[in-house]
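Protein chains: 2
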Amino acid sequence: MEKFEGGMIMKPYAEMSKEELKNEIKELRTEYRKYQGMELKLDMSRGKPCLDQLDLSMGLMDSLNSHADLSCDDGTDCRNYGMLEGISEARELIGDMMENDPRNILIYGNSSLNVMYDQISRSYTHGVMGNTPWCRLDKIKWLCPVPGYDRHFSITEYFGFEMIPVPMSPTGPDMDMIEKLVSEDKAVKGIWCVPKYSNPQGYSYSDETVRRFARLKPAARDFRIYWDNAYGIHHLYDDHQDYLIEILAECKRAGNPDLVYKFSSTSKITFPGSGIAAIATSPNNLEEIKSQLKRQTIGHDKVNQLRHVRFFKNIHGMVEHMRRHADVIRPKFEAVENIFEENLGGLGIAEWTKPNGGYFISFDGMEGTARLIIDRAMKAGVKLTPAGSTWPNHKDPYDSNIRIAPTYPTLEDITTAAKLFTICVRLVTAEKLYEES
Amino acid sequence: MEKFEGGMIMKPYAEMSKEELKNEIKELRTEYRKYQGMELKLDMSRGKPCLDQLDLSMGLMDSLNSHADLSCDDGTDCRNYGMLEGISEARELIGDMMENDPRNILIYGNSSLNVMYDQISRSYTHGVMGNTPWCRLDKIKWLCPVPGYDRHFSITEYFGFEMIPVPMSPTGPDMDMIEKLVSEDKAVKGIWCVPKYSNPQGYSYSDETVRRFARLKPAARDFRIYWDNAYGIHHLYDDHQDYLIEILAECKRAGNPDLVYKFSSTSKITFPGSGIAAIATSPNNLEEIKSQLKRQTIGHDKVNQLRHVRFFKNIHGMVEHMRRHADVIRPKFEAVENIFEENLGGLGIAEWTKPNGGYFISFDGMEGTARLIIDRAMKAGVKLTPAGSTWPNHKDPYDSNIRIAPTYPTLEDITTAAKLFTICVRLVTAEKLYEES
Numbered sequence: 001m002e003k004f005e006g007g008m009i010m011k012p013y014a015e016m017s018k019e020e021l022k023n024e025i026k027e028l029r030t031e032y033r034k035y036q037g038m039e040l041k042l043d044m045s046r047g048k049p050c051l052d053q054l055d056l057s058m059g060l061m062d063s064l065n066s067h068a069d070l071s072c073d074d075g076t077d078c079r080n081y082g083m084l085e086g087i088s089e090a091r092e093l094i095g096d097m098m099e100n101d102p103r104n105i106l107i108y109g110n111s112s113l114n115v116m117y118d119q120i121s122r123s124y125t126h127g128v129m130g131n132t133p134w135c136r137l138d139k140i141k142w143l144c145p146v147p148g149y150d151r152h153f154s155i156t157e158y159f160g161f162e163m164i165p166v167p168m169s170p171t172g173p174d175m176d177m178i179e180k181l182v183s184e185d186k187a188v189k190g191i192w193c194v195p196k197y198s199n200p201q202g203y204s205y206s207d208e209t210v211r212r213f214a215r216l217k218p219a220a221r222d223f224r225i226y227w228d229n230a231y232g233i234h235h236l237y238d239d240h241q242d243y244l245i246e247i248l249a250e251c252k253r254a255g256n257p258d259l260v261y262k263f264s265s266t267s268k269i270t271f272p273g274s275g276i277a278a279i280a281t282s283p284n285n286l287e288e289i290k291s292q293l294k295r296q297t298i299g300h301d302k303v304n305q306l307r308h309v310r311f312f313k314n315i316h317g318m319v320e321h322m323r324r325h326a327d328v329i330r331p332k333f334e335a336v337e338n339i340f341e342e343n344l345g346g347l348g349i350a351e352w353t354k355p356n357g358g359y360f361i362s363f364d365g366m367e368g369t370a371r372l373i374i375d376r377a378m379k380a381g382v383k384l385t386p387a388g389s390t391w392p393n394h395k396d397p398y399d400s401n402i403r404i405a406p407t408y409p410t411l412e413d414i415t416t417a418a419k420l421f422t423i424c425v426r427l428v429t430a431e432k433l434y435e436e437s
Numbered sequence: 001m002e003k004f005e006g007g008m009i010m011k012p013y014a015e016m017s018k019e020e021l022k023n024e025i026k027e028l029r030t031e032y033r034k035y036q037g038m039e040l041k042l043d044m045s046r047g048k049p050c051l052d053q054l055d056l057s058m059g060l061m062d063s064l065n066s067h068a069d070l071s072c073d074d075g076t077d078c079r080n081y082g083m084l085e086g087i088s089e090a091r092e093l094i095g096d097m098m099e100n101d102p103r104n105i106l107i108y109g110n111s112s113l114n115v116m117y118d119q120i121s122r123s124y125t126h127g128v129m130g131n132t133p134w135c136r137l138d139k140i141k142w143l144c145p146v147p148g149y150d151r152h153f154s155i156t157e158y159f160g161f162e163m164i165p166v167p168m169s170p171t172g173p174d175m176d177m178i179e180k181l182v183s184e185d186k187a188v189k190g191i192w193c194v195p196k197y198s199n200p201q202g203y204s205y206s207d208e209t210v211r212r213f214a215r216l217k218p219a220a221r222d223f224r225i226y227w228d229n230a231y232g233i234h235h236l237y238d239d240h241q242d243y244l245i246e247i248l249a250e251c252k253r254a255g256n257p258d259l260v261y262k263f264s265s266t267s268k269i270t271f272p273g274s275g276i277a278a279i280a281t282s283p284n285n286l287e288e289i290k291s292q293l294k295r296q297t298i299g300h301d302k303v304n305q306l307r308h309v310r311f312f313k314n315i316h317g318m319v320e321h322m323r324r325h326a327d328v329i330r331p332k333f334e335a336v337e338n339i340f341e342e343n344l345g346g347l348g349i350a351e352w353t354k355p356n357g358g359y360f361i362s363f364d365g366m367e368g369t370a371r372l373i374i375d376r377a378m379k380a381g382v383k384l385t386p387a388g389s390t391w392p393n394h395k396d397p398y399d400s401n402i403r404i405a406p407t408y409p410t411l412e413d414i415t416t417a418a419k420l421f422t423i424c425v426r427l428v429t430a431e432k433l434y435e436e437s
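Heads up: the sequence lines are chains W and A, in that order.
Position one of the first sequence corresponds to residue 1 (the working numbering), numbered consecutively onward.
Position one of the second sequence corresponds to residue 1 (the working numbering), numbered consecutively onward.
Calculated directly from the structure, the hints in this document are not laboratory data.
Don't take each hint at face value.
Just so you know, same-sequence chains aren't split out, so a pair can sit in one copy or run between any two.
Lysine to aspartate or glutamate pairs mimicking DMTMM-like chemistry, simulated, CA-CA at most 25 angstroms apart [stated by the list, open to error]: (1) Lys-139 / Asp-73; (2) Lys-313 / Asp-62; (3) Lys-186 / Glu-435; (4) Lys-290 / Glu-27; (5) Lys-313 / Glu-15; (6) Lys-294 / Glu-92; (7) Lys-141 / Asp-69; (8) Lys-41 / Asp-73; (9) Lys-383 / Glu-367; (10) Lys-139 / Glu-351.
This one's a predicted model, so the numbers in the text were calculated from it and none came from an experiment.
Could you put together the complete structure from these sequences and hints?
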């Protein structure tokens, strides 16, 4: 493959003659078949930690044992019922992680997605702060920065909300559009945000973006920002970290204390599915949530909360732990970025992001190529997130965006997968241009 | 207190003269004040395991450690995302516990109450099997065997359902009434059942009752039985166990395979709040549930599922574990029953149940006394479940039922509490009769 990587002329496709495109296609097909012959079975579809990352948290399994005292600082026995809001030391730790006062934190079960779903479901069945339950309204609209997180969109799709795509930029979503829609339309009840190391771009909202969010003047009194800070401490570089203005504090300063629900979890810190999730929000919102939550459960898993606290000890322990995660996955991100640059740079057929943290790289090919690229990669044994996933209702109107998840495969495998991916991108694009020329 | 217990004449209150009642009240007040002087702080309000019971499960904390292989039998890494329905070995174990095929089992998080709430919430927002979502209907009715479990009623109260009390007997709820209501009224969408060692009586449904449940002919196609088998293996006696016909199998035999959702958890087997909960239901119902659940979560805590499987090994291990629980709490139940018999037997002013398992004793005083008895006990430092709790909307029309939870206090404390309780019962009843005479 040396010839391909090193030898081929990296000429912008737009400048290629029909003959040159034909040659390019021929060479690429040969390369592609080589990969098919390798019988690959690689997965870069989901943001899953790899084995080396999971091994980092095995100490979690020793942080409690049969001789441990399973009492909290305040004397609560974690083994029995109670403590709807979570144990105080877990609220302290997660408060530090989320940059919020522990009193504004409510610890849930193992999944922040579940917390978000429940928040919407309860707004639907019982309304927000005395406003009409959403199930009694004819239409609910929801703002969806795009490209975005498929599982967010899946919830609002499930409830039948009209999802309005809002374009993303490196500073965050289009705030002019958001301010207009939120202030003019009472049917707009919420917005999905991944404000730091966004899914899939890895963008972090600029100071101005956060300031404008906190100063929204919603037409609907039950409008809320769903602020999913899933990657708050998930840096790739020590010296290139993004910083985000803390939204609860900014909302409070702006006189909008109840405007935001902020979500986070330890899913990509310890074990996905066996961590702890949390919401941070204003005292008013928390009071309302607890009045609902007490009908639903007696309390969440306090033993697992204590297990996490004893393992990390404090926020510094958690931050050091995240450095070890970064050491594992940084080379994978860099490998993908280098291969993309090497094989696609200067061709004028693709763009991709280079995040400082999070779990994804967002890739944009030429219009009308994403589905074909993903299909081509699949047929050579590399699984990618399905086309359209980053858009509401799985419909990318440009058919151009692909989410790349570099963390799960080994460095060797992600290198192979990324190379194949670039071949698929070039091949599909060249074929398209050839047909259209 | 010897005089009180041994020396007083146990004459039926109905046969007492006004003068005798006056003397009785005088003596009881003296006794009562003695207890007040003890500055008790005892709680028999909730069905919580005691410390000795919790200690039985400390081995759970050792069943996984940092050297353990956290892979399932099928190779799934429990530390990562996935497996919406739960790991196969947990479905196997809980299947044995619930007497159901593992393929009919879906493992959830830590709380069966949460599973039940979510089941109702999703029926409300999205309907059952293509029927109209309940939020679009004017009226939903729900059958509530009484006395029953307050947290069940709290859910259906929260959703604004009209709760119809159905009288309980030692063989289960009044099936004539249930058959009539279910078959005639499309608004009746469900019924709460605790079929074995019922909360609060400790009754188990007779074979005929279960057979009639499985043969219901609901007017509403989206009617479901909410079969909360919370105490399926929670026996107090080895040689006096209740047996229950397995409802899923009986429904299948009766041609009603989709009629029932069955719930259970390990909350009172290992640690309340840190166990695993599950639903068992038909393949059709499971398919529908999973199509909803995948929007809400990527999966539940598989590490905790594995922890439980490794701890118990199999259903025999779990059953042996429950014998140890029984050894701890049986003396408490017997102490309460003996004190009730000794201090209230033959007075004709109270009845109580003598269950073979579960967590409660149901007590019925004379009409109009429950609130006063609970208040009196509270003022001497003994906390009981609030009056009315065992009825929908906290309204016991007879003001007679009190749920007794003997498990949490020590044997010494529950003995003291039970004695005080009987004094309160006699005092309140005597005062009432005296005033009315």
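Cross-check of the supplied hints:
1. Proximity of Lys-139 to Asp-73 under the C-alpha cut-off of 25 angstroms is found in neither arrangement, the shortest distances being 47 angstroms within a copy and 47 angstroms between copies.
2. Both within a single protomer and between protomers do Lys-313 and Asp-62 lie at most 25 angstroms apart by alpha-carbon distance, with minima of 13 angstroms and 20 angstroms respectively.
3. Taking the closest pair of Cα atoms, Lys-186 and Glu-435 never come within 25 angstroms of each other, the shortest separation being 47 angstroms inside a single copy and 61 angstroms across copies.
4. With identical chains, the CA atoms of Lys-290 and Glu-27 are never at most 25 angstroms apart, being 62 angstroms at best within one copy and 46 angstroms at best between copies.
5. Neither within a single protomer nor between protomers do Lys-313 and Glu-15 lie at most 25 angstroms apart by alpha-carbon distance, with minima of 59 angstroms and 67 angstroms respectively.
6. With identical chains, the CA atoms of Lys-294 and Glu-92 are at most 25 angstroms apart within one copy only, with a shortest distance of 22 angstroms there and 31 angstroms across copies.
7. Taking the shortest alpha-carbon separations for Lys-141 and Asp-69, neither the intra-copy value of 49 angstroms nor the inter-copy value of 46 angstroms comes in at or below 25 angstroms.
8. Taking identical chains as interchangeable, the C-alpha atoms of Lys-41 and Asp-73 lie at most 25 angstroms apart only when they sit on different chains, with a minimum of 22 angstroms there against 48 angstroms within one chain.
9. With identical chains, the CA atoms of Lys-383 and Glu-367 are at most 25 angstroms apart within one copy only, with a shortest distance of 21 angstroms there and 69 angstroms across copies.
10. For a Cα distance limit of 25 angstroms, the shortest separation of Lys-139 from Glu-351 qualifies neither inside one copy, at 37 angstroms, nor across copies, at 55 angstroms.
Checked against the numbered hints given earlier, the structure breaks hints 1, 3, 4, 5, 7 and 10 and satisfies all the rest.
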